[in-house]
Amino acid sequence: MHKGSTYLQIRFRGYIPGNSTMHWIDPRIKLLMLLIVIIGSVVLNSITSVLVLLVFVLVLIPLSGLKLRYILSPLLPFIPFLLLVVVLRLVSGDSGDSNSKVIVRIWKITITESGVLDSILLILRFFSIYNLFILIVSTTRSEDFIKAVESLMHPLQKLKIPVNEFIMVINIAIRFFHILLKEMNRVIKAQVSRGADFNVRKINFFKKLKSMMPLFIPLFVFSIEYTKVMTEVLVSRNYRGGRGRTYYRSLSLIKRDYIFMFLSLTVLGVSIAVKNITDRIITGAVF
Amino acid sequence: MEAKIRKIVIAGVMSGITIFLGATHLGFIPWFSGASLTIMQVPVIIAAVLEGPVVGTIVGLIFGAFSLFQAAVAPTGPADVWFVNPLISVLPRLFIGLTSWLVSRAINVISPVVAYIGAGIAGSLTNTVLVLAMLGLYRYIPWNLIKTIAIVNGLPEAAVSAVLTAAGVGLYTGVIVRARKSKI
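Order-wise, the sequence lines are chains X and C. The first sequence runs 1 to 287 under this note's numbering. The second sequence runs 1 to 184 under this note's numbering.
Any given hint could turn out to be false.
Said to hold, decoys possible - In silico SDA-like links for lysine to any residue, alpha-carbon gap of 20 Å or less:
#: 1; chain 1: X; residue 1: Lys-275; chain 2: X; residue 2: Ser-119
#: 2; chain 1: C; residue 1: Lys-4; chain 2: X; residue 2: Ile-217
#: 3; chain 1: X; residue 1: Lys-189; chain 2: C; residue 2: His-25
#: 4; chain 1: X; residue 1: Lys-210; chain 2: C; residue 2: Leu-61
#: 5; chain 1: X; residue 1: Lys-160; chain 2: C; residue 2: Lys-4
#: 6; chain 1: X; residue 1: Lys-208; chain 2: C; residue 2: Ala-159
#: 7; chain 1: X; residue 1: Lys-189; chain 2: C; residue 2: Gly-27
#: 8; chain 1: X; residue 1: Lys-207; chain 2: C; residue 2: Asn-153
#: 9; chain 1: X; residue 1: Lys-160; chain 2: C; residue 2: Lys-7
#: 10; chain 1: X; residue 1: Lys-208; chain 2: C; residue 2: Val-152
#: 11; chain 1: X; residue 1: Lys-208; chain 2: C; residue 2: Leu-61
#: 12; chain 1: C; residue 1: Lys-4; chain 2: X; residue 2: Pro-162
#: 13; chain 1: C; residue 1: Lys-4; chain 2: X; residue 2: Leu-234
#: 14; chain 1: C; residue 1: Lys-7; chain 2: X; residue 2: Pro-162
#: 15; chain 1: X; residue 1: Lys-182; chain 2: C; residue 2: Gly-27
#: 16; chain 1: X; residue 1: Lys-182; chain 2: X; residue 2: Gln-9
#: 17; chain 1: X; residue 1: Lys-210; chain 2: C; residue 2: Asn-153
#: 18; chain 1: C; residue 1: Lys-7; chain 2: C; residue 2: Val-54
#: 19; chain 1: X; residue 1: Lys-228; chain 2: C; residue 2: Lys-7
#: 20; chain 1: C; residue 1: Lys-7; chain 2: X; residue 2: Trp-24
#: 21; chain 1: X; residue 1: Lys-67; chain 2: X; residue 2: Pro-17
#: 22; chain 1: X; residue 1: Lys-208; chain 2: X; residue 2: Leu-234
#: 23; chain 1: X; residue 1: Lys-207; chain 2: C; residue 2: Phe-28
#: 24; chain 1: C; residue 1: Lys-4; chain 2: X; residue 2: Lys-207
#: 25; chain 1: X; residue 1: Lys-208; chain 2: C; residue 2: Leu-87
#: 26; chain 1: X; residue 1: Lys-207; chain 2: C; residue 2: Gly-174
#: 27; chain 1: X; residue 1: Lys-207; chain 2: C; residue 2: Pro-30
#: 28; chain 1: X; residue 1: Lys-67; chain 2: X; residue 2: Pro-80
#: 29; chain 1: X; residue 1: Lys-255; chain 2: X; residue 2: Trp-24
#: 30; chain 1: X; residue 1: Lys-147; chain 2: C; residue 2: Ala-167
#: 31; chain 1: X; residue 1: Lys-228; chain 2: X; residue 2: Ile-217
#: 32; chain 1: C; residue 1: Lys-7; chain 2: X; residue 2: Lys-208
#: 33; chain 1: C; residue 1: Lys-4; chain 2: X; residue 2: Ile-224
Unchecked claim - Here are some chain X residues the structure puts well away from chain C; computed CB gaps all over 10 Å:
#: 34; residue: Met-22
#: 35; residue: Val-59
#: 36; residue: Pro-62
#: 37; residue: Leu-72
#: 38; residue: Ser-73
#: 39; residue: Asp-118
#: 40; residue: Ile-120
Hints in this document: simulated from the structure, not taken from any laboratory. The beta carbon of each residue, even a glycine, is placed where N, CA and C say it ideally should be.
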């Protein structure tokens, strides 16, 4: 919490208006890219595959019109944490994989080949997903993104999964988040003017918790009232899921979108193909 | 239809609170073990207790997806490197709603307030145990350290979330109405 006119601040970056290629790609294709990179880097679990995905993401950066400094600057204070994570992984012992080659053995700590591979994989996976998320978040409006989720989930409706209701939940959540942010800033100012102290630095856990209560109770009360009003609004307008719903702007794919779709599917294919080009070549080169 | 709409609205509002707690860092209480206590699972538990396991699972899904998003877009600590993996950030959170609903239904015959407290503890412990188990399975943290974290962080987290769940659900259902009189 910060002192100043507004107490609550959002700590992440949002949409930046622009006119680049990445801005104009259909949000469904961007969602497809995101799914390919996240699922590919988690499921394939191989350094070479994740490297292919990372290269793909890095190629997209110049197309977004964002400066590389803008993308990488939040990571600078984060580097010590990365090192900590790697060290934790290296010392955590490989009881599950006893036949991997031991590289260094100091006192009780042994560093094995699989430990090194895993920590390289961890960092590569983090970088590829981080870069793509930043790219997509700063070039896509959230409403376009939700529309893309709805459009991709649409076939599930045939399996009787209530897709439209789920999208409604996400829409209410995002709308309510912004309302709540405004409302809670007012509550904090009101409570501070009545003598509440939200900047308690005490270790005493119960005091800390007690000092948060004047914030949480209004939060719950406000959300109860909002729930009642919102339910009444939806009932009075005869909300009945997404049946027969139309949109002011609907998504449509053009040639450029198909090119990018083909490109991302190719990248997925390549990364699956190189999975078996074994990771040992890389460790062999390093050690 | 009105019951269904109420479910949709509660799921949306609770997901909104989860996003709010995460995005403003209000949901992280600093704790002297270094890692902060999180209370972001509380809205998931409240949704599950109020409207059943399906709504709880949906709110849990949005909680997990948001923590993946936040770990990737605005990383702040070592845990965020691990949390860009959906198997660690999304999968464990799907079960919070189920366990807290089960516990609250089981205890509800004795006393509703006790049931809310039990649901708070159960949901929070599900979150802690499953996330740490996934981190252990990936061998990112040694198992000995995991046991320590589970006790040092998990127990106070469960206590806080029990208090907040009882307060939240109590306010919703009208069980807890009277508070202490103001000193002023």
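Right, here's what the structure says about each hint:
Simply put, X:Lys-275 and X:Ser-119 have alpha-carbon atoms about 17 Å apart, close enough for the 20 Å limit, and the pair holds. The suggested pairing of C:Lys-4 with X:Ile-217 is violated, with an alpha-carbon distance near 26 Å, which exceeds 20 Å. With a CA separation close to 18 Å, the supplied pair X:Lys-189 and C:His-25 stays within the 20 Å bound. For the suggested pair X:Lys-210 and C:Leu-61, the alpha carbons sit about 30 Å apart, so the restraint of at most 20 Å is broken.
Straight-line distance between C-alpha atoms of X:Lys-160 and C:Lys-4 comes to about 15 Å, which keeps the hinted pair within the 20 Å bound. Taking the CA atoms of X:Lys-208 and C:Ala-159, the gap is near 13 Å; set against the 20 Å cutoff, the hint holds. At most 20 Å may separate the alpha-carbon atoms for a hinted pair to count; X:Lys-189 and C:Gly-27 meet this at roughly 19 Å. Simply put, X:Lys-207 and C:Asn-153 have alpha-carbon atoms about 18 Å apart, close enough for the 20 Å limit, and the pair holds.
Proximity of X:Lys-160 to C:Lys-7 is assessed by CA-CA distance (about 17 Å); at most 20 Å being required, the pair is judged to hold. Between X:Lys-208 and C:Val-152 the CA atoms are separated by roughly 17 Å; this keeps the pair inside 20 Å, and the hint holds. The straight-line distance between the Cα atoms of X:Lys-208 and C:Leu-61 is roughly 29 Å, outside the 20 Å bound, and the hint therefore fails. A distance of roughly 11 Å separates the Cα atoms of C:Lys-4 and X:Pro-162; the hinted pair therefore holds under the 20 Å criterion.
For a cut-off of 20 Å, the pair hint linking C:Lys-4 to X:Leu-234 stands: about 11 Å separates their Cα positions. With a C-alpha separation of about 13 Å, the suggested pairing of C:Lys-7 with X:Pro-162 holds against the 20 Å cut-off. As the CA atoms of X:Lys-182 and C:Gly-27 are separated by approximately 17 Å, the hinted pair is consistent with the 20 Å bound. The suggested pairing of X:Lys-182 with X:Gln-9 holds, with an alpha-carbon distance near 10 Å, which does not exceed 20 Å.
Among the hinted pairs, X:Lys-210 with C:Asn-153 is consistent with the structure: their alpha-carbon atoms are about 19 Å apart, no more than 20 Å. The suggested pairing of C:Lys-7 with C:Val-54 holds, with an alpha-carbon distance near 10 Å, which does not exceed 20 Å. A hinted pair counts as satisfied when its Cα atoms are at most 20 Å apart, and X:Lys-228 with C:Lys-7 qualifies at roughly 11 Å. Annotation: proposed proximity of C:Lys-7 to X:Trp-24 is violated, straight-line Cα distance about 36 Å (limit 20 Å).
At roughly 14 Å between alpha-carbon atoms, X:Lys-67 and X:Pro-17 fall within 20 Å of each other, so this suggested pair holds. With a CA separation close to 39 Å, the supplied pair X:Lys-208 and X:Leu-234 exceeds the 20 Å bound. A distance of roughly 15 Å separates the Cα atoms of X:Lys-207 and C:Phe-28; the hinted pair therefore holds under the 20 Å criterion. Between C:Lys-4 and X:Lys-207 the alpha-carbon distance is near 40 Å, which puts this suggested pair outside the 20 Å criterion.
Of the pairs offered as hints, the one joining X:Lys-208 and C:Leu-87 is violated, with about 33 Å between alpha carbons and a cut-off of 20 Å exceeded. Of the supplied pair hints, the one linking X:Lys-207 and C:Gly-174 is violated, its CA atoms being roughly 26 Å apart against a limit of 20 Å. Taken as a hint, the X:Lys-207 and C:Pro-30 pair is honoured in the structure, with Cα atoms around 13 Å apart against an allowance of 20 Å. In summary, the hint linking X:Lys-67 to X:Pro-80 is not supported, as the alpha carbons are separated by about 24 Å, beyond the 20 Å threshold.
At roughly 12 Å between alpha-carbon atoms, X:Lys-255 and X:Trp-24 fall within 20 Å of each other, so this suggested pair holds. Between X:Lys-147 and C:Ala-167 the alpha-carbon distance is near 36 Å, which puts this suggested pair outside the 20 Å criterion. Distance hint between X:Lys-228 and X:Ile-217 is fulfilled; the C-alpha atoms sit about 17 Å from each other, no more than 20 Å. For the suggested pair C:Lys-7 and X:Lys-208, the alpha carbons sit about 33 Å apart, so the restraint of at most 20 Å is broken.
A threshold of 20 Å between alpha carbons decides the hint, and for C:Lys-4 with X:Ile-224 the separation of about 17 Å falls inside it, so the pair holds. Annotated as non-interface, X:Met-22 keeps its C-beta farther than 10 Å from every C-beta of chain C; the closest such distance is 16 Å. Every CB of chain C lies more than 10 Å from the CB of X:Val-59, the least distance being 19 Å, so the non-interface label holds. For X:Pro-62, the non-interface assignment is confirmed: its Cβ lies about 20 Å from the closest Cβ of chain C, beyond the 10 Å cut-off.
Even its closest Cβ contact with chain C, about 12 Å, leaves X:Leu-72 beyond 10 Å, as expected for a residue assigned away from the interface. Residue placement check: X:Ser-73 keeps its beta carbon more than 10 Å from all beta carbons of chain C (closest about 12 Å). Annotated as non-interface, X:Asp-118 brings its C-beta within 10 Å of a C-beta of chain C; the closest such distance is 7 Å. The Cβ of X:Ile-120 sits about 13 Å from the closest Cβ of chain C, beyond the 10 Å cut-off, so the non-interface label holds.
Against the hints set out earlier in the document, violations occur for numbers 2, 4, 11, 20, 22, 24, 25, 26, 28, 30, 32 and 39.
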